[in-house]
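Novice: Residues per chain are reported as follows:
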Amino acid sequence: SQELEQSPQSLIVQEGKNLTINCTSSKTLYGLYWYKQKYGEGLIFLMMLQKGGEEKSHEKITAKLDEKKQQSSLHITASQPSHAGIYLCGADKDGGSQGNLIFGKGTKLSVKP
Amino acid sequence: KAGVTQTPRYLIKTRGQQVTLSCSPISGHRSVSWYQQTPGQGLQFLFEYFSETQRNKGNFPGRFSGRQFSNSRSEMNVSTLELGDSALYLCASSLGRGGYGYTFGSGTRLTVV
Numbered sequence: 001s002q003e004l005e006q007s008p009q010s011l012i013v014q015e016g017k018n019l020t021i022n023c024t025s026s027k028t029l030y031g032l033y034w035y036k037q038k039y040g041e042g043l044i045f046l047m048m049l050q051k052g053g054e055e056k057s058h059e060k061i062t063a064k065l066d067e068k069k070q071q072s073s074l075h076i077t078a079s080q081p082s083h084a085g086i087y088l089c090g091a092d093k094d095g096g097s098q099g100n101l102i103f104g105k106g107t108k109l110s111v112k113p
Numbered sequence: 114k115a116g117v118t119q120t121p122r123y124l125i126k127t128r129g130q131q132v133t134l135s136c137s138p139i140s141g142h143r144s145v146s147w148y149q150q151t152p153g154q155g156l157q158f159l160f161e162y163f164s165e166t167q168r169n170k171g172n173f174p175g176r177f178s179g180r181q182f183s184n185s186r187s188e189m190n191v192s193t194l195e196l197g198d199s200a201l202y203l204c205a206s207s208l209g210r211g212g213y214g215y216t217f218g219s220g221t222r223l224t225v226v
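Protein chains in written order, with the numbering used here: chain R, 1 to 113; chain C, 114 to 226.
Derived by calculation from the structure, the hints in this document are not laboratory data.
Glycine included, every Cβ here is placed at the ideal spot set by N, Cα and C.
Treat the hints with caution; some may be incorrect.
Distance condition first, Cα-Cα at most 27 Å in a straight line; then the derived DSS-like pairs of lysine-lysine [stated by the list, open to error]:
(1) R:Lys-105 x R:Lys-68
(2) R:Lys-112 x R:Lys-36
(3) R:Lys-60 x R:Lys-105
(4) C:Lys-170 x R:Lys-36
(5) C:Lys-170 x R:Lys-27
(6) R:Lys-68 x R:Lys-38
(7) R:Lys-68 x R:Lys-51
(8) R:Lys-112 x R:Lys-68
(9) R:Lys-105 x C:Lys-170
(10) R:Lys-56 x R:Lys-17
(11) R:Lys-27 x R:Lys-112
(12) R:Lys-68 x C:Lys-126
So these bits of chain C aren't anywhere near chain R, every CB distance computed over 10 Å [stated by the list, open to error]:
(13) Val-132
(14) Ser-140
(15) Leu-156
(16) Phe-158
(17) Glu-195
(18) Thr-216
(19) Gly-218
(20) Gly-220
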């Protein structure tokens, strides 16, 4: 079955620094989602990527899906304390035919002021 | 437009009791899926409903059940609660399968004592 592996598991950065979170799939990705979660709360949608080579940006966050569609990266430029939280990648299971997402274990980001 | 609404936000139940959680999707969304999130297992898929029909089910015991009403609102029920059922339960709504994106609610935090 398909699995998503995120790295790193946790990250502490100084405010203003750039950072990258990776999500690697054991199978081809047909729909890759990035979400942010504050502890104990719901998932906030960040971006959805579907095409190999696709890149999307929103404010200081950029996400890419590699050409082979088995890895995605999330890059934050000039991090701020508001970026702190848990970042989760999710993928359409079996190409979207199952109606559910599988998720990585998450990356916990802390930003030091 | 209104987001995905989950009620209640917090619940404390005793072992052996049953519980019902509610999810109102975004207007126009006919697909509702449920997930359980625990520190050990991460986010795991419970089931998906579309137009009042359960289309897919995750690997959970029969104590976990759900339903969807004609207005697309969904409920999930857990009977004979166990301590291990303590978790954050999240629902997500979508227009359909594959590529439409999933919007999550704020979740219901269930604690079983």
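Novice: Evaluate each hint against the coordinates.
Specialist: So, going through the hints one by one against the coordinates:
| no. | hint | result |
| --- | --- | --- |
| 1 | R:Lys-105 x R:Lys-68 | 22 Å, holds |
| 2 | R:Lys-112 x R:Lys-36 | 18 Å, holds |
| 3 | R:Lys-60 x R:Lys-105 | 23 Å, holds |
| 4 | C:Lys-170 x R:Lys-36 | 25 Å, holds |
| 5 | C:Lys-170 x R:Lys-27 | 21 Å, holds |
| 6 | R:Lys-68 x R:Lys-38 | 31 Å, violated |
| 7 | R:Lys-68 x R:Lys-51 | 10 Å, holds |
| 8 | R:Lys-112 x R:Lys-68 | 35 Å, violated |
| 9 | R:Lys-105 x C:Lys-170 | 21 Å, holds |
| 10 | R:Lys-56 x R:Lys-17 | 20 Å, holds |
| 11 | R:Lys-27 x R:Lys-112 | 35 Å, violated |
| 12 | R:Lys-68 x C:Lys-126 | 47 Å, violated |
| 13 | Val-132 | 18 Å, holds |
| 14 | Ser-140 | 17 Å, holds |
| 15 | Leu-156 | 4 Å, violated |
| 16 | Phe-158 | 4 Å, violated |
| 17 | Glu-195 | 21 Å, holds |
| 18 | Thr-216 | 6 Å, violated |
| 19 | Gly-218 | 5 Å, violated |
| 20 | Gly-220 | 5 Å, violated |
Comparing the model with each earlier hint shows violations of hints 6, 8, 11, 12, 15, 16, 18, 19, 20; every other hint is respected.
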